[in-house]
Each structure stands twice: as C-alpha cells, then as structure tokens.
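Peer 1: Chains as they are written, first to last, in this note's numbering: chain A, -5 to 440; chain B, -5 to 440; chain C, -5 to 440; chain D, -5 to 440.
Heads up, some of the hints might be wrong.
No distinction is drawn between identical chains; accordingly, a pair holds when it is met within one copy or between any pair of copies.
To be verified - Distance condition first, Cα-Cα at most 20 Å in a straight line; then the derived EDC-like pairs of lysine to aspartate or glutamate:
hint, residue 1, residue 2
1, K129, E59
2, K280, E414
3, K201, D176
4, K147, D96
5, K23, E270
6, K129, D164
7, K24, D96
8, K397, E189
9, K201, D145
10, K397, D199
11, K147, E189
12, K201, E183
13, K147, E98
14, K184, E31
15, K129, E169
16, K201, D78
17, K147, E270
18, K24, E66
19, K239, D207
20, K184, E205
21, K147, E31
22, K23, E66
23, K239, E205
24, K184, D199
These are computed hints drawn from the structure, not numbers from a lab.
For reference, the chains in residue letters:
Protein chains: 4
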Amino acid sequence: MMTITLPRWERARSAKANIVRRLSDAAAKKRLARLREELVACLEAPGGEVSARARIATLANTYLELDAAGREHFFRLLGEFSVDRVAVSGAIDEFSSHAGGDAEYLGRVRRLRAALVSPWVRLLTEFNSVAGGVKFLVDLRADLLQVVECDGKFQALECDLRDVLASWFDIGFLELRRITWDAPAAYLEKLAGYEAVHEVRNWQDLKNRLETDRRCFAFHHPAMPSEPLIFVEVALTTELTGQIKTLLRRNSAISAGGGPTTAIFYSISNCQVGLEGISFGNALIKRVVNLLSKEFPRLRTFATLSPIPGLIPWLRRYLSARDQQPGEPAGGEGILSLLSAPSWYRDAAAAAALRGPLMRLCTHYLLREKRNSPAALDPVEHFHLSNGARLERINWLADTSRKGLRESAGMMANYLYTIEQIDDNHEAYVTSGRIACAAPVRELLR
Amino acid sequence: MMTITLPRWERARSAKANIVRRLSDAAAKKRLARLREELVACLEAPGGEVSARARIATLANTYLELDAAGREHFFRLLGEFSVDRVAVSGAIDEFSSHAGGDAEYLGRVRRLRAALVSPWVRLLTEFNSVAGGVKFLVDLRADLLQVVECDGKFQALECDLRDVLASWFDIGFLELRRITWDAPAAYLEKLAGYEAVHEVRNWQDLKNRLETDRRCFAFHHPAMPSEPLIFVEVALTTELTGQIKTLLRRNSAISAGGGPTTAIFYSISNCQVGLEGISFGNALIKRVVNLLSKEFPRLRTFATLSPIPGLIPWLRRYLSARDQQPGEPAGGEGILSLLSAPSWYRDAAAAAALRGPLMRLCTHYLLREKRNSPAALDPVEHFHLSNGARLERINWLADTSRKGLRESAGMMANYLYTIEQIDDNHEAYVTSGRIACAAPVRELLR
Amino acid sequence: MMTITLPRWERARSAKANIVRRLSDAAAKKRLARLREELVACLEAPGGEVSARARIATLANTYLELDAAGREHFFRLLGEFSVDRVAVSGAIDEFSSHAGGDAEYLGRVRRLRAALVSPWVRLLTEFNSVAGGVKFLVDLRADLLQVVECDGKFQALECDLRDVLASWFDIGFLELRRITWDAPAAYLEKLAGYEAVHEVRNWQDLKNRLETDRRCFAFHHPAMPSEPLIFVEVALTTELTGQIKTLLRRNSAISAGGGPTTAIFYSISNCQVGLEGISFGNALIKRVVNLLSKEFPRLRTFATLSPIPGLIPWLRRYLSARDQQPGEPAGGEGILSLLSAPSWYRDAAAAAALRGPLMRLCTHYLLREKRNSPAALDPVEHFHLSNGARLERINWLADTSRKGLRESAGMMANYLYTIEQIDDNHEAYVTSGRIACAAPVRELLR
Amino acid sequence: MMTITLPRWERARSAKANIVRRLSDAAAKKRLARLREELVACLEAPGGEVSARARIATLANTYLELDAAGREHFFRLLGEFSVDRVAVSGAIDEFSSHAGGDAEYLGRVRRLRAALVSPWVRLLTEFNSVAGGVKFLVDLRADLLQVVECDGKFQALECDLRDVLASWFDIGFLELRRITWDAPAAYLEKLAGYEAVHEVRNWQDLKNRLETDRRCFAFHHPAMPSEPLIFVEVALTTELTGQIKTLLRRNSAISAGGGPTTAIFYSISNCQVGLEGISFGNALIKRVVNLLSKEFPRLRTFATLSPIPGLIPWLRRYLSARDQQPGEPAGGEGILSLLSAPSWYRDAAAAAALRGPLMRLCTHYLLREKRNSPAALDPVEHFHLSNGARLERINWLADTSRKGLRESAGMMANYLYTIEQIDDNHEAYVTSGRIACAAPVRELLR
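My request is simple: use the sequences and hints to build the entire structure.
Peer 2: This is the structure in structure tokens:
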C-alpha cells in the first residue's frame, strides 16, 4: 500500500540491473577513483552548457555501473557538496546588519536563501538535461532511501532530492489513464510487477482484472510516459464486498440488472520507490471516483477492500506487553499460539474461538493506536482517513492468502468514500485525529 | 528576439481577453472587495485538499475577469503574503544559537530555508492543481512583468514566480517538434502571431516558410502542448546569405545540385512573455543544429542572419555625446539627419556617404559596447555570443523593411556556429567578455 | 454539387501538373513510341509478380509525364486490350452446347463471365500494387472522363474503370471525419480548393466555416487518407434560413438560448472528379444527421440551402421555345432581357416585375421537368430527392453572388430531411418520380 | 502454413461463438422460418437505402445466432438467388443477334456480363454497409468453405464470394506492421492463437519471439485493423539454421560481432480462414526482405526453416503402392514400422537405419511429386517455390515435436530467397515446373 511496500518488480529490476552492470573489482576501483573527479568537474569546472551536459551524462553512466557499495560511496562524495558553512555565516551577518524597506529586505531574503542551497541540488537537477534524467533521479532516490535507512547522515541530501522531485511531480503535471487489455504488453508486464497488494498470478489473472466489470487507472508523468507512478484496481459490483476472493474471481462483478451500484477499490500500488513520501494517492482516488460517476450514473457507493498490514506486528507487541501487566486479562499467548497453526482458519473451533477477541483487538488497533498523534498507526488506514474516507466495516476471514494471514490474521477493512463527507472527515482527522467510523465498528470495542 | 519583444500575437490576445472579460464597474468593485477574502481563504483556511482546489479555481477565475488595474490590485494584495519578518528573525536566532554535527546543522539549514520562503510561493504553486494552471501562471507572470516595470516593489514576487516556472520549464522537460504545413491550422495561426522578427504577412508567406527548403522547429512543454515556447526558422541554402529578402522570397533556397550546404537561422522568436528570463534558445539552436546535421550530411555552415535591434538607439546617444566632445571628429548630426530621410537607402549618394561611417560605428557598437561587462550591449548579439557563436559578417542594406531601418539602419549580422568552437567561444565570452569575431569584421574598426 | 462541377482546385492541380510534367516534343514522341511496348509488356510479358510490379510502376510514371494529347493516345492504346471477340464467340458456343445440373451450369456461367472481362481491367487493377495507386487510378479516370465526353468509343473502358473503383470505394470502407480548425493546414488548403458551391475567399472565411456554430464533415478512403472524397458544410441555427449571406457571415449561427434547433446543409462538394457517378452523398447526409442529433438533442430540423444550377440554361431553352408556340402567353424575351442587366436585383422595379413569373417558372422547373423519367432535371434537386428529402421552400434573391445570378437567377431551394419520411419520400421518388413537396411550393404553380 | 491449416485460435473462436450464440431449439426453428423472408426482403423488397441497410443488419445478426446446421440452411437459401437461366438465355440471344461497331459490341458485352452475375453477389456485398461487415463476410466464407467441402453445390457461391473478397483485399490496400512486445496485449493474445506452425506455449514464449534478435511482421486491412491477416516470424542469426529448437530457444539468435547475417523465416501463419485462396504470402516475404535489408545492411541470406507437412501422408501411400510393384525393392513396411515407434529418433540404431532412405524419399517427394503439374505436391514447398525461392537443404531430425514427427518424420527444409534469382526461379517454376534446388539436395536422389 501507499509508499510502504517495495514492489517485487522494482526489487527484481534493481537486482538484475546490478548483476548486469557489475564490473570486475579492478575496474570498479578505478571507477571509484575517477568518481570524485567527475563530481568536482560537474560542479566546478568552467565551460559552457555543452560540455556541462556531456560531463553530467558521463557521471550518470558511471553511477549506473556502480554496485550498491559503489553507490553509497557516490552519495558520500556527493555529501561533501553541502552548503558552505562560512558562506552561510557571512550571509547571515550580511542579512542581519542591514535595515531597509520591503523591497530591499526581500532582496536580502533571496540572497540568504540562495546561500542556504547546497550545491548538490544544482548537480542533481542537472541530471534532467540528460535523456531519461527524470527516471534516473527517481531511481537514484530509491537507492538513496535504502542508504538513509542505515545512515541518517544522508538525510539532508535525501530531503533536498525529495523537494526537487516533489516540484517536478506536482499533481498538476500528472496524466490519468485508464489501463485496459489493449495497453501494450510491455506496459502490462511492468504493471503486473508493480502490483503490491494482491499478486498478479499470470496473464489470465491480469486480463481478468482488466475485464468489463473492472477498471484500472494509473497516473503517469510526461517525462516517463511508459512508467506508471501509482495505479488503482476497481471492481464494479452491487454490494459492499467483504471477501477478496469474490473480487479476484473471474466475472464476479456486475450483476444482471442495470449496471453496478458499488465501486470497490481493492488494490492501490505505488510503483516508484524513489517517489516515496510524494503523495498522489489522494488525487488518484478523487479523480477515479469522478470518472466512474460519469460512466456509471447509478454508482452510489465508493469503498475500498483494504489489507490491515500493521495488525499482526502490533498484536505481538501488544499482547506480550499486556500479558505482563497485572490486572489485565491474560490470554495473549493463547491467541498467538492459535494463530501460529498454518491453516488455523480451516479449523472451525479455532476460528470460532479467535473471532471475538481478534475482531475486538483489530478494532482497538484501528481506532486507538497512533503512529504519532494524530496519525493512525496502520499505514493503509492512515492513507484512507487522510483522504477523507471513513472506516465502514471490518471483515472476518476476508483474505486467507498466506500474506493476508501473516499480516492481518485474514481480516480486511472497508473504507467508505462518501463525496459529501470527504472534506469534513479529512478535516477532523488531520486536525484532531478524529476517526470517522460506522457505528457497528465502534460497537465492536465494547 | 530572445526575451526582448512582446509578440504582437500575445498583445492582441491579452487586449482581446481584457475586452471580453471586462466587467461593469460595479461588478468589478464587488470582485475586488471579494479578492482579499479569497486570497486569505486560499492561504489560511483550514480544510482538505478538495476544498483547497475549489478555492484556488475560484481565485483563478476571479483573476481572469480582472482588467489591468484589477490585476495590479491583485498583485498588491498578494504582496502582503511575504515572509514573516518576526518568524525570520526567530529562525535566524534559532539557527545561530546551536552548534552540532553535520546532520544537525543541515536540519537547521532546512528549517531556516523554509522560514525564508514567502507564503505567496505556496499559493502560486497551487494554481497548477487547476486544469490549464501552468499556462495561467505563465500569463500571470506576463502581467506581473508589466507591473514590475512601473513599480519595483513587486520584484521579489516576480523573482519567486520566475523560480517556480524555471523549475517547471527545466530544459529536460521540453519537447522539440518540427513544424510543417501539416501542423494544425489553429497552431500555425498562433505561431504566425508569435513571430517577432520578420512579420508573417499571410498564409502564403507562412506556407512558404514551411516549404521543403525551410525548416521550422519549436519547443513545447507537456502541460501546454499546443503552445509553442520558442521557435526558430531556418533556410537551407548554399551560401552565407546576407540579405533577408533573398530568404523570405519564395523557393529561394536549395540550389540544384546535391542539397544544401548552409543553414541560415533567420528568425528566433520567444512566444511566452511570461517566461522572460528563462532561456531555451541555447538548447534550441544546439538541438536543431544536431537534427539538421543528421538530415543533411553535406551541411557545413550554421549561421544566423540577425537584426541588430539596439543599434539606432545607441547611435543617437553615442553621436550626440561625441559631438559634444572637443577633439572628436564631429559629424554625428549629419549622419542622423541623412538617416531621417524616409527612404534614404534608395538615394545612392546618401547611401554611399553613410556606408563607411555606419559600418564602422556598427562594428564599434557590436565589439566595444557593453551592457554590463562582460555582456555585449546588443541583446541579440549577446544571445548568440553566449551560445558560443562568433560574429562573422555585418551586412549593409540587408533589411530595408520599416522595422529594419528604424532599429538598425538596415544592417544585419551573421553569427556563425562552428560546432568545434562553440564551447571555447562561449567560455571566453562568459568569463572574460572576449568576442569571437571574423578578421574582416575586426578590420572595419580601423 | 454532387458529381456535377469540376472543382476549381482539381482543375488547377491538373493544369499545373501538366505544365510541370510536360516534356520537350522530341522526348514526348519517344515516350509515346515506348508506351505501346510498355503496355504490352504489362499484359503479356511472362515473369513473376516482382517484375510485373516494376513494369506497372514504370508505366504509371510514363503516364504521369504525358500531356493531354499523350494521355488520349494512352487510352487509345489501352482500348486495344478489349475482350477477344473470337474467344467470346467460342465461350458462348461452349456455354450453349452443354446441358447439366446446377453446379455444372454455374461453372459455365463463371467461365463465360471470365471470357467477357476485357484484359484492360486486369491492367488497371494492377496499378493498385504501386504506392499511391488508388489516387492514381482516380485521377486517371478524371482524365478518361474528359476524353469520353469528346469520343464515345472510350465508354466501355471508362465504365469498367468505374466498376473497379466502385468496388474499392464501397461505402463500408469510408471513414467519416469531422473537420475543424485543428486539421492540418495542408489538408484545409486542399479542402478549400475543392469547395464547389460557395467559394472559400480566404483563410479567415475558411476558419469562420469551422467555428463552433458550424460543422464540417468529410468522407475519406484509407488508401488516400489525406484526400477528402466529399464534404458537407453545416450551419447550426434556430430557423430555416433562406439567405446564403446570413450563413456565410461571421458568427451568424447559434442564437443565445439553449443551443441550435436547425441544421442547414449549405454546401456539399465532391472532391474527386475521377469518382463521378460513384455516390457517397446519400450516406454522408445520413451519417451527419445522425452525429448531429447525438451532439445537439434539441435539433429538430435538418435542411439544405441549395443552388438550382440548371435553372437558367433550362429557362433560356424553355422560354424561347414557348415564345414560338402559338397560343402561349409570350413574354419570355422580356424576362430574359430583364435578367441580362448586370445587377438587376438592385433595381426594385425590375425585381418586382420578375419575382412572380420567375418563382412560378422555377417551381415548374423543379416539379415538372425531368432528365429522364422519373429523375428530375435539376441535378441538385435530383440528388436530394433521391436521398429522401422534400422540396420545402423556394427563396427569392437568396444568393446574389455572380454565380448565383448566372445559374439560378439568385434563387435557392431548401430541401428538408425529416427522418421519419426519408424512406417513403425516397421510395415514391425512385419508383414513380413523385416529388415530395411542401404545400406552399405547390401553390406557386397556380 | 499458407492457406492450409485452420489455426487453432480460429477453431476455438468459432466453437465458442456457436456455444455462446446457440439458441433453444424452438427459437432456432422460428428463426429459420424467418430467414427466407429476410433474404427475400433484402434482395427484392422495394425501398431506399436506409431500410435496405436496416434489413441487411438484421440478416447479419440472424446469421450470427445460427448454429452450424442453421448456417448451412442459410447457404442453401442463398443458393436459390443464383443467375436467372431464362434471363441468361435471353441475354445470349440478344448478344448474338446483333452486329455493330466496337462501342456497340462492348455495350452488349457489359449487358451480357451483368446478366451472368448472380443476385447473391449483390446481397453479399451489401453486408459491407454494416459496421464490421468485412470481418463478417470473411468469417462467413470460413463457414461456407466448411460446407463446400461436404457439398460441391455451394462452390459457385463460394467462388463468387472469394472474388468479392479478393477485390477488397487487393495487396495494394494492405498495411505491413512490425509487431513488438509494445503491441496491445489483446492483439498479441490473438496473434498467439493464430500461430499455426510452432505453437506459442505461453506469454514468455511469445515475448521471446518479439525480442531484439527476432522480428515479427503482419499484414492488416484498414477495415479490420486489429485483426492480422498473415504474419511471419523471423530469427536473426549468423548461419543457415537447420534445427527449429535452436531458433525457439531464448536469446539464441544474434551472435556477438557485427550484427546478423542471416534471416530465418521460421513461421508463416495465415490468420483468416475465410481468406483461403487469396494469397498475401508472396508480397509479405518480399516486403519483409526489403525492410530487413534496410535495417541490417550486413544481412546476406534470407531463408526459411519450413515444415514438410505432406511428407508422411504421401509416404504411406507411396510405400504401400511400391511394395506391391514387382521388381521394386520392398522395405516400405519396414520403414513405416520403425517410424511407428513413439520416440524412434531417440533410438540411435533406428535413426541411423532410417536416415538414408528417408532423406532420399523426402528428396524424391519434394522434387518429383506433383499435385497437378507444374505445382509441387507439398503445399509449403509449392508456396515458397512459387515465390521464387530455391530448395536449399533438407535437415534430418530438425523438428522432433509431436507434430514434426507426425507430419514430416522430423525433417525440415530450408528454402533460400536470393534476391537476384527470385524472378528467374519463379518464372521457371510456374511456367515449366522446374524446381530450383541446391546441388547437394539433388545429390540425395542418387
């Protein structure tokens, strides 16, 4: 889900790329030695734009041939081209020593702002002058994010790159396309690889997801037109479906009479790891709701059928902590032990014993647990609540795939988008953390 | 020429737009009264992205219905959403009071930078969320530039808008298209209106400029695909043409045998006033040289036939100042008086008398006069020298159109692009102001 | 109008083509001498398809370089490759001498049919194997039609070519496109040249005809996609317009409230002389009525404003004949003499004197005069009646252009297409010659 | 191979279509009863083109809902609309009773020809006025061909339909497209189904066939743009490959240095059963040779690796006949018995024993056996020889798939296309049956 999972496709691609491009050790060492020179040349060498462009293209190719260690080394070198502390101090002194009218003041503001921009921004931006530069930078940020996880000192660099990309990937530049079985096979192959929620098993499965009772929409940027940025899969039905199997099954969707009344968003996948933290999902859902409303005037209900990916990790922590609290009803161990059976959900007794406690715990998790206030702990829930949805239903044994059992004990949630309430829900959630929630869900807490 | 002239087309469009959109006085007053509220709402109102987008769309429409005075009023209101001086002071204090490692320092840099960003930037950027938002902002900057000319206090606002647009119109995002007689009539009508150097007289003239012995290329941005940003017209010939008439005449260009050897860039027009100061011309010329080289392998010479738009204004100042200098050979008045005859160039005696002094003065103007060192005073010359061209020839009676006589006494210059020397020329010019120049031109100074 | 007028554009093109391609006399003679050999080679030379294609391409190029006399010579040569009379006689004998069952009989039918096909058909068809072959054959038939007019002996050849083209240009293969101001300029230039009813004066006039209150649709064949076959111009109004000026004037059409109620087909032009006699107009009108009904649900009236091109020629014959009939009221000479004044319609007295008799005579012409029963004499009328329209109104001083006065004394007719009556009208007209007609028109006869 | 095999895809489609469309018995009977009326209405009912079109659309839909028996019934009814024998006799009498000049004679020829055209042609042609009419007629002919096989009385009908389609599918109207992995998935799915030579196993196999070392080209008709008519798969290699496995394996093709020298056409599949007998293969191969030559200037050898589909059936007949001839060396039974072992080719002894005799017999089959002189008996061989190829090599154990063993005892042939010899080879083959053949192949006969 949103900005969380690294798509398998991307992993595969990166891995392969590294294999293909990995050089012999000797050659690699030579290249690293040359790297610093190339970086300095790009930033400091005199000369016109023509030679600058040639240098930046060389540097891009050098980077692409590096393995993971080499790339970390590249970031370390790049990290040297930070703001000039002396220049910053000077600029602050100059800023503070003057008085003057508005125009003069704002001129000083601009100069100070300029002094606070790290040279690395200029260098990163210049990659866009090379063909394919945007995709290059997006992938470079994906690499950088992995490095940052281990070593926080790259954070400023990473933030600056995010700012550059955020300006380029402004929602106003994105194009929404409906994806059908008539899309290029090369594109669909890519799309299937990016699916991060419910794995595409084969071409027949993919075709099924693009049939007349389904819709698939994706955002694209004009500078990388054959790369989806994020896509959503929708099933057109006549009821608020609670079981993922029903949706993934063939020809399940539109009932006989009069067209669909309900659109279920059953998968939203971010495709570009390097765009993590730059959100399109909100706009995507709204535009899709808008498009579908026009095509099917009888559509009334727009809802998701979503995983609850953080449930089990939280449950383990929560139950083991509770068990150690005196006065709390123990039993956490029992729950976890029942869940550890491989196909516990087929065991009617076990399932019956678990249903009550797990539904209650899940509701608690969704309504009470926060990442940092006011944000809900569950990332998928947080995404939909931020977009103005409300938590409509929690479904028992809704996804019994291995992933579904492992992450959320087989439960799934419906988040409901009601056009008239989106704004209010969003507002209440982002300002005070209030979670819009259907009454029966809240009941589960008691 | 480059970023200089306001295209007739744009003027016409704006004028018409104002007429069409101008409201009755009463309605206009009401609207201005509402304007401030709308601005404040956009910046300060709580609420989700949905309502934010609705508010910004309202504001954009309000703006479009304003006349020139109303728009100036809008900018004045917008100017109030500048940086918060108190917050800036606080941020500087906070920045200066700490010490710390690199990561911590860079975090403070980011916070200080954020405090230095005026709220108006956020508001301007948000227009892009509306359909057609990019073109809206480009046109808004065109309006703003007119206001800035009269009143410098809008300069910081204007500079910030330029920065936003410069990031969006990064050369890497632009698409180069060849324009032919098969382009949409609606597009060609627009293009003809934007021609800023040699007026397009009618459709036959336009068709002639797109014939097989010509080429026309334009840059486009994906967010405004039917709007050219800048375009260049090229004639394919077999010699370094020095007369503009020869080029504009029908079927003048490719000689019988073996295809063209020379490409003359006879017109470069910026189309979007609102992108003034954001340069594409350099990249345009280089890409076109590259494309033409591939299509016509026998092409050896790439040169312009360019106006010298600043010559006459400079000449008036220069001659009247010189006449007042003791010891200088007077005669400036005589020159100016000869030039004031409406068709002096048809008078053989006058033309003969003027040729020597004017060619010398023109050479002096092009080689010696600076706007601010190292930049040459003439804007067209500066553009081509910055791109790495050299001044190859000055042509007498090269453009005897009214405009040609009025601006440059009928003279034109050839600037030569030699691929191997572009970088060196550029380098020498931008660092030390050295002007690459053919020997015969330099001779004229003596 | 339909299959009648040779478009100016086409004339111009042909004339120019001949000039461009005309060879010196000596070269031309040589070529004619070679022509027969080339023809024989194409039809009789042994060899595979590869060499056949090369030969046919050579022949096509030879043809294109011929002037009018050379082309007539070509047709004469081609005329020699008619059916083999001896073979026909033999085939008839063979056919008649057998008896046999159905299958055997039909086999003989096929063999006899084959013997009746002239070899020239095979040769003509083979031109399609050359790039641009379809357009070549269409233009070749245009040449042939001119030759046939003078010399009937080419008629069988011309009919066979028409049959080939009729099979290729089956309505099922044609594509209907809406033409807007966004069409390629090269295409619009061509379209303007083909306009055969109301001359396109300049690009502004053309743009005006493609504005939002107009529609223009054209049929195209996939083998010559940038060539319109036939096009119709429609004005969207709120009343049954009777004056052509009103329609050609700028921004005349849609009134303020609620969109158009009436679509006036004010020009239908065939573009390809070589497709004369192969009718698309019927299908064009029906599909356009269909498209417009979908776009403008309030459209109720579909009518033409049409010229009456055969009126004046008929009138001269009719009046001079009548004047010689004893017992008939003379006066024809007076009418013709009044009409001969250059701007008689500006002379109120003359116009008043003419109105009554001319309206009556025109009605007589349209309702009573036949080309060959049941077809009406007037070609435009015949076209619309065949399509199922009815004669709705005759308009006095409706088109006072030179052409309008010369052909139809300034009168124009409205033909009305009422969807529910199209079939009945068509049926009655083609089977019994009955002309659907509004009562007030019929009144005029009395 | 060419016009021989019914593609699996088409079979599947037809079968499925029948199931989907099959009506209840009662409804079917009703429909048949109505069918005759509908047919008569289409041919004889008075009325304009509008109602005619509506009737023909109704008839097309009725047809599509029929099952196989219903369709045969339809053809029987259609067969009644044959030529009118009385009218034919009359026309022949009229033709024979006159004398006259050329023009008059040709007029009679046209009238007699018209009398010889069956009304069913007019009806069939009219289906093209319905959307999708061309594909409908192509599929209808596929049905008709199946019926003809059982009952020759439909042959005249079938031949007339072929003539109509042959005129529409003239090679000049076809468009050659390169098919890549960027083609729409829906299109590629269809293409894979049409592959008639080497089955496409899955999407990975398909992708592999469209990789950089392969090429795939298909012909299309503008009236059915998403339907391939015929396609060819080419592998780019550096030698005359004799084993199909080598080609179907992944990444087998282009060797390291300097690009491919050899293009192997390893699969040619006709896609439309209903176009049987209307040949495109010749033009396809020539255009592809032409395109590849331009892309890869080092390509020298163009050859096929082809099945020998008629070998085994012929072998059975031939050997059993030979065994009964006194004086001939018996042994046929031994060969057939060895071949009947399921994987005989893995048994080294059996394979060794068979190689000599089978290679000799195969050569005899290819060089000596005729369908009807001069055409070779083997259909694939006949196709390539007609196109001007020569038999270059016979390969032992070249295709050990089940199909390869069953049809051609595992052998395959290379046919070589040498541009300079294509015409001569074609000429010699079609006029005198002479088979161009490499010397080593001819050696095998001894």
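Peer 1: Should K24 paired with E66 be assigned to within, between, both, or neither, using CA atoms and 20 Å as the limit?
Peer 2: within (16 Å within a copy, 60 Å between copies)
Peer 1: Please sort K23 with E270 into within, between, both or neither, judging by C-alpha distance up to 20 Å.
Peer 2: Answer is neither: 31 Å inside a copy and 46 Å across each miss the 20 Å cutoff.
Peer 1: Please sort K24 with D96 into within, between, both or neither, judging by C-alpha distance up to 20 Å.
Peer 2: neither (54 Å within a copy, 29 Å between copies)
Peer 1: With 20 Å as the alpha-carbon cut-off, assign the pair K129 and D164 to within, between, both or neither.
Peer 2: Close inside one copy (15 Å) and across copies (15 Å); limit 20 Å.
Peer 1: With identical chains treated as interchangeable, where does the CA-CA distance between K147 and E98 reach 20 Å or less: within a copy, between copies, both, or neither?
Peer 2: So K147 and E98 pass the 20 Å test across copies only (9 Å; inside, 36 Å).
Peer 1: Are the CA atoms of K201 and D145 at most 20 Å apart within a copy, between copies, both, or neither?
Peer 2: neither (42 Å within a copy, 41 Å between copies)
Peer 1: Can you tell me if K280 and E414 fall within 20 Å by alpha carbon in one copy, between copies, both or neither?
Peer 2: within (12 Å within a copy, 44 Å between copies)
Peer 1: Tell me, please, which holds for K184 and D199 at an alpha-carbon limit of 20 Å: within, between, both or neither?
Peer 2: Classified as both: same-chain Cα gap 14 Å, cross-chain 17 Å, threshold 20 Å.
Peer 1: As a check of your reading, is K147 near E31 (CA-CA no more than 20 Å) within one copy, between copies, both or neither?
Peer 2: Cα proximity of K147 and E31: none, with 22 Å in one copy and 44 Å across.
Peer 1: Pop the pair K397 and D199 into one bin, within, between, both or neither, using alpha-carbon distances up to 20 Å.
Peer 2: within (18 Å within a copy, 30 Å between copies)
Peer 1: Is it within a copy, between copies, both, or neither that the alpha carbon of K129 lies no farther than 20 Å from that of E169?
Peer 2: Close inside one copy (16 Å) and across copies (16 Å); limit 20 Å.
Peer 1: Within, between, both or neither: how does the pair K184, E205 come out at a Cα-Cα threshold of 20 Å?
Peer 2: Answer is both; intra-copy 18 Å and inter-copy 16 Å each pass.
Checked against the numbered hints given earlier, the structure breaks hints 5, 7, 9, 11, 14, 16 and 21 and satisfies all the rest.
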